[in-house]
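Undergrad: Could you put the whole structure together from the sequences, leaning on the hints where they help?
Spelled out, the chains give:
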Amino acid sequence: MLVLALATVVQAQDPKPELKPAEPQSELKQLRASVVQIFVVSQDEDYYQPWQRPRPQRSSGSGFYIGRNRLMTNAHVVSNAKSLLVKRADRTKRYEAEVLFAGHDCDLALITVKDPEFFEGMTPLVIGARPSLRSTVSAVGYPMGGTRLSVTEGVVSRIEFRTYAHSGADQHLAIQIDAAINPGNSGGPVMQNGEVVGVAFQGQFFAQNIGYMIPPSVMQHFLADCEDGTYHGYPELGLYTESLENDSLRAYLGVPKDETGVVILKAMPYASAVGKVQRNDVLTKIDGVQVQNDGTVKIGDEFFDFSFIVEEKQVGDTVTLTVRRDGKAMDVPITLKAWAARMSPSFIYDKRPEYMVKGGYVFVPLTINYLRSSRGNEELAFVMQQYYRTVAKEGKTREQLVILSRVLPHASTRYQEYRNQIVAKVNGREPKDFAEFTRLIDAGKEDRIVIEFEGVNVAPLVLSREKLARVHPEICERYGILEDRYVKGSK
Amino acid sequence: MRILLILVLVAPIASADDLAPKLRKALVKLNVTSQSYDANSPWKKSRVRNVTGRGVMVQPGVILTTAGNVTDALMIEVQISNSARRYPAKLKHADPRMDLALVEITDPKLREELAPLALGDSVKLDDEFDIYELNPDNMIERAPARVVRATASPTVLALELQTSGTGGGNGQVAIKDGKIVGLLTFRSRQRGRITSIETIRKYMKDHEDGTYAGCPGPSIWIQPLLRDDLRSFYGLQENQHGLGVVRTVAGRTGAGVLQPKDVITSVDGYAIDDEGKFEHEQHGRLNASWLFQGRRYAGDTIPVVVLRGGEPKKLDVELKAWPDSVRNVPSGPGAGRPQYLVVGGLVLLELHERVYIPRSPGGVFLRRYREREGWDEGEGRRRHVYVDRVFADPSNKGFEGLRHAPVQRVNGKEISEIADIAVALTQPVDGFHVFEFEGVASDFAVRASELEAIDKRVAESYRIPKLRHLRGDAE
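Listed in order, the protein sequences are those of chains A and B.
Each residue of the first sequence is one higher than the one before, starting from 8 at the first, in the working numbering.
Each residue of the second sequence is one higher than the one before, starting from 18 at the first, in the working numbering.
Simulated from the structure, these hints should not be mistaken for laboratory data.
Please read all numbers here as calculations on a predicted model, not as lab measurements.
Note that CB positions come from ideal geometry on N, CA and C, so glycine has one too.
Worth double-checking, as some hints may not be accurate.
Computed cross-link-like contacts, EDC-like style, restricted to lysine to aspartate or glutamate with a CA-CA straight-line distance of at most 20 Å [said to hold, decoys possible]: (1) B:278 x A:454; (2) B:109 x B:245; (3) B:414 x A:265; (4) B:61 x B:477; (5) B:414 x A:254; (6) B:414 x A:249.
Residues from chain A shown here face chain B by an in silico Cβ test under 8 Å; the list is partial [said to hold, decoys possible]: (7) 249; (8) 252; (9) 258; (10) 259; (11) 417; (12) 421; (13) 471; (14) 474; (15) 478.
TA: Given below as structure tokens:
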């Protein structure tokens, strides 16, 4: 209050000429209007005790205006948000905002502010072309929670495919700059010649002055995807391939000397290429672009992973693989699908975790979030990591793996040595997903439930429905479980 | 008064003096020089190891010691008390599962100098005795001990001790009333463990007829029946107790005799409780697995009572051996040089339990095979052959990172053991040798006409003296 009053007094007076701020450069003036600070209160999910939620957290990030009352920022800035407030650098008022689209696979989000007053005098920032190596860029934003706009200069030092940390699984092009990207910078624009050439999004542990930004191609892909009102995400071709550097292997597969490409091993279950390719097909071209022996394609002067071609496409688009099969070249058109697998290798946001507590036995579907929430489950993490390589088989895939997370101690639960066991069967039936598992547990006339697990050293769990029902309320009360389950698609 | 006091003090010393000459003739120190084959590069041997173990003569010229002392022994030398001289000896027999071994003294003069110590009676809770050994100065050293607990591993009945003395646990001898009552296998911080005289006697007796049967192998997959739900699943009444049979494995103990959902209520005359333990007349509660393995010899038949459908049923169960020769993931690399092949830079080995498998895509399969040995996937193949690593060569460019890839087929032929690869390599397909792997790895192909030159180059470049060792090859 006091500060405000003083400020009013100062403003009312005619400032002395030497205290007058220098006229801001026009670009800086535009940035002050168009680059906003985002104040977030978020609440994550507790995948270990999913019946309760952890304490909300406050954080801040950056964003920028791209026109049509939309602000672009990182998905990780607005994930699990309960409250979003945005503020311009040239104003003091914070406005309520809401998320329009969040692309967790590319760490981009669009948010808007209901109050049109917020956008007055804002000019949209234009998305430019990918900056070249060694060119200078400036990262604009509000790092480390400071409230004043910060501008840091850096040089583009590397352009390559990288895993986006937010999803933990998706790889896209990322641009490395030698300016540090700190918390709060996230979602801010990286500028070059008055245009946005990147969105600051992640740093690097154990490295100094290295930051990463999302390139214009990924931004454009995200915006195009949102155009129809739904964000579908990146399509997945889903091929396991191996390089064709080996002369003997090339000769064995009948690849002519001057032809380059990679050998296809298999398609990932649920991916777009399922049923279209065969083992030992040699992928020579993708959409007419020659694939090199190391699995790259040449774009401009740079070599990128061949999935770069798919990166540019949307769900529903077609990509044409040219393969050599049994010595003959042939074109294989593939309609690209979104990643349809239920067991996601990526972190999950903005969704409620599924779980079921039944008489002290805690069951959850296997997710990366669950693995991160509980310790001492390396084996499980490994199963998850290898799921699409070895566990999931085309045709008869278990869409989700159900885990007996642990047993809450009670006089009736004497199986406390059970932790993180993968459910194989319930009364002889293999549940294809978590919902089916809960149905198998709930339904059934017989009193006895026999749950078998993966692994030879794990004896089956034998439960009595009647007894579970009897002790259930007491156990839930003891452990403060107000809701004993959340299963997607059920009441 | 004074005379009496002196008498009292002298008496125990006199009895110790009776024992001392006996101990001097029976206790020995073993200096063992051992060297194993390098498990991942079997054309090499690992560093030479020197182990100092202890032992006791139990038969004329025969020393009893722990199997751990003589693992991979190249040379064994015996020392006796008050002498620095070392006498040659040789390994007579070792059983790693029981951690017992017999060493034979070859020097005839020493054989005459020494005399065996008799095997004593079993000791029980609170019994007191002494642990003797030849110390580093070849003097006899004594540490008192008292039994605090009996335990049974599947193959060994052991006694936990409270004892003074530190370190050791490699063949020091427990002696009571001048007779052997156990062999020390562990000692640290006033705690110790001896292999019981029962287990030692059994081991010695096994040699009597000139053949060694050994302990039966692990076999039946069982489940404790503590919970009411589980008990009712197995059809147990309130007053009935036992262990649930989950399943048996073809070719192993209980197969075809015991059935899933049987409840084992008695084994070899001992009643089994819900936790899988029984009450031993002398040692108290012990694990029932010992009744199936450690207490008996492979080939024995024992009476087992089960509840089947609520009715008691008396069965005769033959206890089967489960030697490495029939296991598709053996317990270790086995005696002698492990089998291996180096083909086109690929190092091919057979999986055994002691192979360290890091987390790699191919390793998933190997880990599973190891865990599921003898249960599901193990059946069908004699052994699991895998590419341990690749010696990079221009011919295998692109495959230099291949690790722990299980070999499925070579030249179209299913591979059931490493010797199959040697056979398959005699018949290339369309001029190529083709290796197919399990999991996600590309086929490996090499021109048959070039293989000899590649192998020569790899052998020279990486200095591998021999590119193969299969059973039947000269060492």
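Undergrad: Now, for every hint given, state plainly whether the structure supports it.
TA: Each hint tested on the structure:
1. B:278 x A:454: holds (18 Å)
2. B:109 x B:245: violated (51 Å)
3. B:414 x A:265: Distance of about 17 Å is within 20 Å: holds.
4. B:61 x B:477: Given that 20 Å is the threshold and the Cα spacing comes to 15 Å, the pair holds.
5. B:414 x A:254: Measuring from Cα to Cα gives roughly 8 Å; hence the hint holds.
6. B:414 x A:249: holds (12 Å)
7. 249: For residue 249 (chain A), the interface hint holds, since the closest Cβ of chain B sits about 4 Å away, which is under 8 Å.
8. 252: holds (4 Å)
9. 258: It holds, given that the least Cβ distance between residue 258 (chain A) and chain B is near 7 Å, below 8 Å.
10. 259: Status holds, d = 3 Å.
11. 417: This interface hint is violated because 12 Å lies over the 8 Å limit.
12. 421: holds (5 Å)
13. 471: Holds, about 5 Å.
14. 474: holds (6 Å)
15. 478: violated (11 Å)
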